[in-house]
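Chemist: Listed below are the residues making up each chain.
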Amino acid sequence: MSALKTTLTGYAGYRGREGHWSFLLHRITGLGTGLFLTIHIIDIAFVYLAPELFLDALKLYQSTLFGIGEVGLVFCVFFHGVNGLRIAFVDMFKPAAWSISTQRNWTRVTLLITLVLWVPAAFIMLRNLLFHNFGLFGG
Amino acid sequence: MATTTRTIRRVKTPANYESIAWKWMRYSAFLLIPLVWGHLILQDVVVGVHNMDLGYVADRWANIGWRVYDGLLLAFAFAHGVNGLRQVLNDFIHKPTGRLILNWGLFFFWLVITVVGFVALIGGVNQQFPLQ
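Residue numbers (this note's numbering), protein chains in the order written: chain A, 1 to 139; chain B, 1001 to 1132.
Treat the hints as calculated values from the structure; they're not laboratory data.
Listed next, the in silico DSS-like pairs over lysine-lysine satisfying Cα-Cα at most 27 Å (straight line):
1) B:1023 / B:1012
2) B:1023 / B:1095
3) A:5 / B:1095
4) A:94 / B:1012
5) B:1023 / A:94
Predicted, not measured: the structure shown is a model, and the values here were computed from it.
The whole structure should be built from the sequences, with the hints applied where relevant.
Modeler: Here's what the structure looks like:
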């Protein structure tokens, strides 16, 4: 149990500002995406193994709660991808940019690119949700 | 006048299991950017979960190209995810016995879910049920 406590204290107590936040966000978004991916592989497997369960899963995905979760999932995937590209790009092409001050800026740019991708997607998805589940916009 | 020069030291490390796994994390990541983002934008944003049913999956899987696409997603995304989970859990589990259990446990988890996914992908839509 002490390894758990040490690691969690380190995660919470480290004062690394942007670097610390992007590390935590990368892990959380990765774990969140991985959790959904596991569920998603199983629900798609139902298409062949138990189609009636697939239709139940689909109803669940069309619910308002899962719709909001879906918008969060899209953020997770976009952030994890953009942040991963930042890390890979600096590693492979610009290792001199591995400095705290440079990466503080790059981390902010990473978040900005994520928002540019996510906001329009979230807008369309929320609009679909309001259309189908609440009868708004003529639904 | 003294000048300082920044040098980047390149280090050669011998290939072992962990370094190969690390490299594959990165290679799969590059593939996953177009694969996963494309899948996400098409299914969640353009089509939307409200416009899906068994018939939608049947139409999609009638095209071998989409089945290959989904197969690539399954192969690369899930392996990337499980190896990522392994790296996160390595932060919490330090004892060699614990890591041995972790590695084998996650390997079987990966194997079972991947096999289940491919069985469905190859089996396709179960035609015994009317398409809705």
